[in-house]
Amino acid sequence: MIINKNDKKSIRSAYGKTLVKLGMENKNIIVMDADLACSTQTGLFAKEFPERFFDSGIAEQDMIATAAGLAAVGKIPFVSTFAMFATGRTYDQIRNTVCYPEFNVKIVATHGGITVGEDGASHQALEDVALMRNIPNMQVIVPADCTECAQVIEYAAKHSGPMYIRLARTNVCDIFGADYKFDFNKAVVLKQGTDATVITNGETLAEVLIAADELEKSGYSVQVLHVPVVKPIDSDTIIEEAKKTNFVITVENHSIIGGLGSAVCEVLSEAYPVRVHRVGVNDTFGQSGTTAELLELYGLNSARLFETIKAQIDKQRLINK
1123 MIINKNDKKS IRSAYGKTLV KLGMENKNII VMDADLACST QTGLFAKEFP ERFFDSGIAE
1183 QDMIATAAGL AAVGKIPFVS TFAMFATGRT YDQIRNTVCY PEFNVKIVAT HGGITVGEDG
1243 ASHQALEDVA LMRNIPNMQV IVPADCTECA QVIEYAAKHS GPMYIRLART NVCDIFGADY
1303 KFDFNKAVVL KQGTDATVIT NGETLAEVLI AADELEKSGY SVQVLHVPVV KPIDSDTIIE
1363 EAKKTNFVIT VENHSIIGGL GSAVCEVLSE AYPVRVHRVG VNDTFGQSGT TAELLELYGL
1423 NSARLFETIK AQIDKQRLIN K
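First residue of the sequence shown: 1123, per this note's numbering; consecutive thereafter.
No lab work stands behind these hints: they were computed from the structure. Possibly wrong hints are sitting among the right ones.
With a cut-off of at most 30 Å between alpha-carbon atoms, the simulated BS3-like pairs for lysine-lysine come out as follows [claimed, not checked]:
no. : residue 1 : residue 2
1   : K1339     : K1437
2   : K1313     : K1365
3   : K1365     : K1130
4   : K1197     : K1127
5   : K1149     : K1197
6   : K1143     : K1308
7   : K1432     : K1127
Derived CB-CB ranges, DEER-like [as the list claims (entries may be wrong)]:
no. : residue 1 : residue 2 : range
8   : G1210     : C1387     : 15 to 25 Å
9   : G1341     : P1172     : 50 to 60 Å
10  : C1387     : N1259     : 47 to 57 Å
On a predicted model such as this, the values are computed, not experimentally measured, just so you know. For each residue, glycine too, the CB sits at the ideal point set by N, CA and C.
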């Protein structure tokens, strides 16, 4: 699969435009934001439907509680802010006011991971997926490109229950074509290989695919599995693909504790124990820097992933001897 890193699009804009489309189709769609409508792109909905848009200001807990009330009377609230504030500051409200009664609230957070750049550690959500997947009744989705993002938002509007959808701040590469169909129940095999099964999602999917193509030129065969739905996770496909290589590497723009890597380890440890190497942020906070600098520093760009995956395959080959 050829990925053009020079042609990227705003996944936040895809979210905002999809909200407008849904707003035209369903008058029960309500959108809320916490003083960040320009950054999250919910401002597009506010412009079209001002009577159905509510800015809570920097009162994220109140926003979540209000969204729960709206859901209780049949509305479909989409609430947005940065991932750090959408999950950390509001955990109590999400757990007790949204998920416990299983209200139909959609939390769509932008600025997930280290790639918020110069805003630094205070704004870099590296624990959000772990927090959300730990709550009963919560569904967790991390789309990889604009096409998938639009389909995920449409899915969320049509299916009941609490959802946490994590978006990147950065522009993302096109991965999926017009024929792509998001399937909530299925992970997606994007590349076949025999040396390792690399499992990822979100904006790191493009980096993994680029690294996998380069590895192929160097004699390494890497299988790439995209897992957009972290909860409920597609255990069957993960086990099936792990059996093909007997070695798994997970990659995520998130702490290696509690996120995608942990979810994969939980699946495999119970059903098909194999060695899993997790790539992500290693139990530390982020820091200020450009996106390119931080991806390099934390080993999440294609060049660093090339080296890491190559080294881990070499290690696995020694183990297998």
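So, going through the hints one by one against the coordinates:
{"no.": "1", "hint": "K1339 / K1437", "verdict": "19 Å, holds"}
{"no.": "2", "hint": "K1313 / K1365", "verdict": "15 Å, holds"}
{"no.": "3", "hint": "K1365 / K1130", "verdict": "34 Å, violated"}
{"no.": "4", "hint": "K1197 / K1127", "verdict": "39 Å, violated"}
{"no.": "5", "hint": "K1149 / K1197", "verdict": "9 Å, holds"}
{"no.": "6", "hint": "K1143 / K1308", "verdict": "25 Å, holds"}
{"no.": "7", "hint": "K1432 / K1127", "verdict": "21 Å, holds"}
{"no.": "8", "hint": "G1210 / C1387: 15 to 25 Å", "verdict": "24 Å, holds"}
{"no.": "9", "hint": "G1341 / P1172: 50 to 60 Å", "verdict": "58 Å, holds"}
{"no.": "10", "hint": "C1387 / N1259: 47 to 57 Å", "verdict": "23 Å, violated"}
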